[in-house]
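Participant: Using the hints provided, position chain B relative to the given structure of chain A.
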Amino acid sequence: MTPELYSSLSLALPELIIAGGALVLLMIGVYSGERANSTVTGLAVAILIGAGAWMLLFGGTGKAFGNVFVSDPFAVFMKVLMLIGSAVTLVMSVGFAKAEKFDKFEYPVLILLSTVGMMLMISANDMITLYLGLELQSLALYVVAAINRDSVRSTEAGLKYFVLGALSSGMLLYGISLVYGYTGHTGFDAIAATLSGADRQLGLVFGLVFVLAGVAFKISAVPFHMWTPDVYEGAPTPVTAFFASAPKMAAMALMVRITMTAFEPIAADWQQIVVFISIASMVLGSFAAIGQKNIKRLMAYSSIGHVGFALVGLAANTETGVRGVAIYMLIYLVMTLGTFAFILAMRRKDGNVEQISDLAGLSTTNPMMATILTILMFSLAGIPPLAGFWAKWYVFLAAINANLYALAIIGVLASVVGAYYYLRIIKIMWFDEPVGGFLPMAGELRLVLGASGAFVLFYVFFGGPVGRVAEAAAKTFF
Amino acid sequence: MYQAIVFLPLLGFLIVGLFGTSLGAKASEYITSGFLVIAAILSWVAFFQVGFGESEVFTVPVLRFIDSGSLQADWALRIDTLTVVMLVVVNTVSALVHIYSIGYMHHDPHRPRFFAYLSLFTFAMLMLVTADNLVQMFFGWEGVGLASYLLIGFWYKKPSANAAAIKAFVVNRVGDFGFILGIFGVFVLFGSVSFDAIFATAASYAPVEGAHEATAAVFNFLGYELDRGAALTVICLLLFMGAMGKSAQVPLHTWLPDAMEGPTPVSALIHAATMVTAGVFMLARLSPIFELSHTALTVVTFIGALTAFFAATVGLVQNDIKRVIAYSTCSQLGYMFVALGMGFYSAAIFHLFTHAFFKALLFLGSGSVIHAVSDEQDMRKMGGLRKLIPTTYWMMVIGTLALTGVGIPATIIGTAGFFSKDAIIEGSFVGHNPAAGFAFIALVIAAVFTSFYSWRLIFMTFHGKPRATADVMHHVHESPPVMLVPLFILAVGALFAGVIFHDAFIGEGYSEFWKAALYILPENHILHDFHGVPVWVKLAPFAAMILGFGVAYQFYIRSPETPKYLASQHRGLYAFLLNKWYFDELYDFLFVRPAKRLGTFLWKTGDGAVIDGLGPDGISARVVDVTNRVVKLQTGYLYHYAFVMLIGVAALVTWMMLGSTF
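Residue numbers (the numbering used here), protein chains in the order written: chain A, 29 to 506; chain B, 3 to 664.
Derived by calculation from the structure, the hints in this document are not laboratory data. Warning: the hint list may mix true and false statements.
Unchecked claim - Computed from the model, here is a short list of chain A residues facing chain B with C-beta under 7 Å:
| # | residue |
| --- | --- |
| 1 | ILE77 |
| 2 | LYS188 |
| 3 | PHE190 |
| 4 | VAL191 |
| 5 | LEU195 |
| 6 | GLY231 |
| 7 | VAL233 |
| 8 | VAL237 |
| 9 | ALA241 |
| 10 | PRO251 |
| 11 | PRO257 |
| 12 | ILE301 |
| 13 | ILE318 |
| 14 | GLY319 |
| 15 | LEU441 |
| 16 | VAL445 |
As the list claims (entries may be wrong) - In silico SDA-like cross-links for lysine to any residue, where the CA-CA straight-line distance does not exceed 25 Å:
| # | chain 1 | residue 1 | chain 2 | residue 2 |
| --- | --- | --- | --- | --- |
| 17 | B | LYS634 | A | PRO412 |
| 18 | B | LYS634 | A | SER385 |
| 19 | B | LYS634 | A | PHE130 |
| 20 | B | LYS634 | A | ILE384 |
| 21 | A | LYS321 | B | VAL625 |
| 22 | B | LYS467 | B | LEU318 |
| 23 | B | LYS634 | A | TYR448 |
| 24 | A | LYS321 | B | LEU318 |
| 25 | A | LYS455 | B | GLY620 |
| 26 | A | LYS455 | A | GLU499 |
| 27 | A | LYS321 | B | THR393 |
| 28 | A | LYS321 | B | VAL633 |
Stated by the list, open to error - A few chain A residues that don't get close to chain B, going by computed Cβ distances all over 12 Å:
| # | residue |
| --- | --- |
| 29 | PHE304 |
| 30 | THR348 |
| 31 | ALA388 |
| 32 | ARG474 |
Each residue gets a CB set at the ideal place from its N, CA and C atoms; glycine is no exception.
Here chain A stands alone, though its shape is the one from the complex (with noise of 0.2 Å):
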């Protein structure tokens, strides 16, 4: 073995981790049949925890395989907030597989496989590396969408996704090749080092909004949302759970790098399109969710609004900018997961619901849910000083100073649209007539919404040292 390909093993080592493990999970699955779900789950939820703490303690920063694959402290941070995403979505499945008769063991492989996926995307400095894990990554996702295979809403959702997914693969890899043709190159660093000598040519520009579109679907951004709505609707709730929550991470991750690194010569360019995709976002997901009664949908688009808000912070094209994304994938990663596991715990003796209706009078049923989740729809609203005002506070601040006053203040319009909705839900909760409570909690959804809501509560005292680490991922770039 070479020195160089021991130490560039030793890099991927969390990626091979979770690919080992994820191989001998599913042997453990074949084997001991349906009873090994929660084994599985148990296994998988250590997996991801060992491979993370693994890259905290021993992970070095470098590139390996021949520049292909990065490992710096922006990839460490994303790949951190990502692995919580998948490791808590996972463990939040666990009540929900007993009982909705989903516990079908192939479900913490494919969160395992599509994880790897994802671990790739954030760390790719090559545009085949991108594509080998974004498709690991989209294959398992198609199939965990249409896991309920007996539900008609389910396998629609998958297959909806399937279509979309592929056709979306075909642009981003009709704009790798554009790309490709014009530079003569498909790792990040030499495509920078071409475009950052020529002359801007059209054609290279084509290849850049075939890649962009083909990542914003991914992080669904408008106009390539919409599969989102139909999917986070249609798939069982941990799935739309984790769906919101990694993939996320990994595909803003992914964006970011791919602006940062390959194009960031021509960042005039992508610059108008980031722009033209966070507006189009975030005045999308404000307007239409105000028009939903069903939780999961209003979810997608409240994500397809923060994602917009993110991309503010994108847009700016400065240091702050990026730390302002970074600190805001982590707020939206924390307030998701902490309402999705509020939607999970939406319980009654017959069943799940999902209508924002079934709220009403949550404030006398259950008090204590009715006010984490208050706290949290405050937050997403970004109402200070909560968790969530800080996300927006950061990434409109990076606008401003890069003077991208429009975007900034249609920004804050948008919000106050988006408040809207999320001030319904509380006005639901605590002044409409109650129709009855939920099922007590479950132990693993009370911790992640407790953790979630004191999270979002006490930001403001903690949000100094966050700040820092996410400036050091930031410093990547720069």
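Facilitator: For chain B alone, coordinates are given in the frame of chain A:
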């Protein structure tokens, strides 16, 4: 001691106001009434100490109130003869009204609130009369306004009571606006709001004989550059505007009759004896300033005489027993202002002092009547009550005797009104200002009317045949002792306050009694002159009183048909008087309706259509429109989704291409 006098009512208010419901009505009544009785006794002690003792003006500091730049206002009690006279009036009447209310409000479920308000009012009034500076006085001024508002609207479920409370508050705002401008003016002119500092500087503003050259302008009012004399006049008139509002002088009198919607003890305390005299007190307190402005005093005289005459004419035809007394109050306040306008401050305060006794007596007496006839207030539905409630009857007669000023001219035998009111009428005859002649005639005519409507009230209520239903007559009963004892005490005051105190207030004992509390210019000889008026002037009020009594006796005892005949013969005049000279209608036309129209316009068009329509409502409606369209985009068809994605890419590519070529 002075702190106790002032703060005992506050303590009572706080205890009963905060814990009244848990203490219960009985305890609330005893606490507030007990404190007030103590305060009243202490006030009398203070009255004799200060008024008939050796002590000079002194102040009792309480705390530092405002200290901002050159504006400094302490919270201190200024104790001089004027203050202790007011302390006696306020605390005595208030204590008696508290006690009386225990009986009168017996059936009301909200007694703790009522007594808390009464004590709050008393405290605010004490703040006003003990004020050491204009800011503190304004605090008390507004405090009594607030308490008056709360008490008029005490029965807040009655729309008429609410309307009356709001009317009183709003009309007083007009006056207070002038008052506060006056305070600003005083501060600009004298550089201080403290009475001591103002009075010390005021002397330098005195008009100097022969100094005709225009002095330097010191004050700019509405664009006019005013010299010292003119500035002083403007300030005095502004301050007087405040007094007009509080003391119900034409044209700011309209709230007082409506204020009778409040419980009767409130009318006796606030709208007869104390609060409405605040304006009189303020002018007396500021006599060192007012004395320097001849013009302002002329205006005061004119307004006072007009009010005395106007209110007396309206009182002639009113049928509501409390409204008759309310107009009478208005009219008597007019007398006091005439006296102030003459520079005859001591007579004004003397009349204030005696008036408090007999007017409170009349009000509480009428309350006793109302209580007896099952809350009926219309005199046309009374009559023949003399036999049934004899004690109340005699108390009312005593009050009427005092109000009409019964006494034997040129002797010292007479009721309270005989001394104070006649002194004012005589003073107006010898007064040296352009309105004095008018004032004298108006006051004498008003005295005739006063006598007439007072006896008309007695005759209609107590004499003749009963006009109430048999059911009501059956239930008529004398009031309990807790209501009658205050009447007795007030009756003693109404009968003897004049004969006992006239020497000190306006006679030989003037300077020993008042010391430096009131200021008059050296060339103002009214104190001396009013003794030397011709005999016919001395006899005029007496004759007026007799004439009024005779006419009333003729109209309501001997031939009760005459008033109806007269009313039908002079329909226009009767309607004019019955409708209070159409003041309310005029204000309604001039102010209320335009204000409402403007308000409706701003509400419907300005706020509703423009601001809401283009603002919140419009925006939210557009948001809903956009939402509905956006939701429709989400069709559920796969090819629509794919189409949107391709459109998106195409749009971006097009944008990039155009961006590169342009």
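Participant: Taking the hints in turn, state whether each one holds.
Facilitator: We went through each hint and held it up to the structure:
1. ILE77: For ILE77 (chain A), the interface hint is violated, since the closest Cβ of chain B sits about 37 Å away, which is over 7 Å.
2. LYS188: Holds, about 6 Å.
3. PHE190: 10 Å, violated
4. VAL191: Holds. Min distance 6 Å.
5. LEU195: 6 Å, holds
6. GLY231: 11 Å, violated
7. VAL233: Holds: closest Cβ of chain B sits about 5 Å from VAL233 (chain A), inside 7 Å.
8. VAL237: 5 Å, holds
9. ALA241: Hint holds; ALA241 (chain A) Cβ to chain B Cβ min 5 Å, cut 7 Å.
10. PRO251: 3 Å, holds
11. PRO257: Holds, about 6 Å.
12. ILE301: 6 Å, holds
13. ILE318: 4 Å, holds
14. GLY319: It holds, given that the least Cβ distance between GLY319 (chain A) and chain B is near 4 Å, below 7 Å.
15. LEU441: Violated - the Cβ of LEU441 (chain A) stays beyond 7 Å from chain B, reaching only about 10 Å at its closest.
16. VAL445: Since the shortest Cβ distance to chain B is 6 Å, the answer is holds.
17. B:LYS634 with A:PRO412: 33 Å, violated
18. B:LYS634 with A:SER385: 21 Å, holds
19. B:LYS634 with A:PHE130: 32 Å, violated
20. B:LYS634 with A:ILE384: 20 Å, holds
21. A:LYS321 with B:VAL625: 17 Å, holds
22. B:LYS467 with B:LEU318: 21 Å, holds
23. B:LYS634 with A:TYR448: Given that 25 Å is the threshold and the Cα spacing comes to 20 Å, the pair holds.
24. A:LYS321 with B:LEU318: 73 Å, violated
25. A:LYS455 with B:GLY620: 22 Å, holds
26. A:LYS455 with A:GLU499: Outside the cut-off at roughly 37 Å; violated.
27. A:LYS321 with B:THR393: Roughly 77 Å between the alpha carbons, so the hint for LYS321 (chain A) and THR393 (chain B) is violated.
28. A:LYS321 with B:VAL633: 11 Å, holds
29. PHE304: Since the minimum Cβ distance to chain B is about 7 Å, PHE304 (chain A) lies within 12 Å and the statement is violated.
30. THR348: 26 Å, holds
31. ALA388: With a cut-off of 12 Å, ALA388 (chain A) remains clear of chain B, as the shortest Cβ separation is near 21 Å.
32. ARG474: 34 Å, holds
Checked against the numbered hints listed earlier, the structure breaks hints 1, 3, 6, 15, 17, 19, 24, 26, 27 and 29; every other hint is satisfied.
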